[in-house]
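Asker: First residue of the sequence shown? That's -11 in our numbering, and the numbers climb one at a time after it.
Hints are supplied without guarantee of correctness; some may be wrong.
Label-pair restraints from in silico Cβ distances [claimed, not checked]:
#, residue 1, residue 2, range
1, Ser8, Asp64, 41 to 49 Å
2, Asp12, Ala63, 31 to 39 Å
3, Asp12, Gly33, 31 to 39 Å
4, Pro27, Gly49, 16 to 24 Å
5, Ile40, Ala15, 16 to 24 Å
I should point out that these hints are in silico values taken from the structure, not numbers from a laboratory.
Positions of the beta carbon are idealized from the N, C-alpha and C atoms, including for glycine.
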Amino acid sequence: MLAWGTMLVWGQSNREVAMSILGDLRAVAAKLSHQDNPPICAFCGKGKLVLIDERPDRNFGALGVVEQTLRCDAADCGKLTID
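Using the sequences and the hints given, assemble the complete structure.
Answerer: If you want it as structure tokens, here you go:
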């Protein structure tokens, strides 16, 4: 029996498919949380970090890990943070 939101894919177990879907949902939630409540800049403590670039991680990109480049929106700071 499949849980709600999962589907059977030939050659993959139910657990693998469910974990893949869960990973996708977490990635979307992480992107949305940065848009709703952007983190505070660690350098100046005043500005909000704005996402300017996102790409797959060099080492763990195949696993869905992304590398984000963020820029402080404070006029007197503007520092880049790679997360």
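Asker: If a hint holds in the structure, say so; if it doesn't, say that too.
Answerer: The hints, checked one at a time:
1. For the pair Ser8 and Asp64, the supplied restraint of 41 to 49 Å holds, since their beta-carbon distance comes to about 44 Å.
2. Here the CB-CB span from Asp12 to Ala63 is close to 37 Å, well matched to the stated 31 to 39 Å.
3. Distance hint check: the CB atoms of Asp12 and Gly33 are about 34 Å apart, consistent with the given range 31 to 39 Å.
4. For Pro27 and Gly49, the hinted distance range of 16 to 24 Å is satisfied, since their beta carbons lie about 22 Å from each other.
5. Separation of Ile40 from Ala15 is about 18 Å and conforms to the stated range, judged on CB atoms against 16 to 24 Å.
This entry satisfies every hint, going by the numbered hints stated previously.
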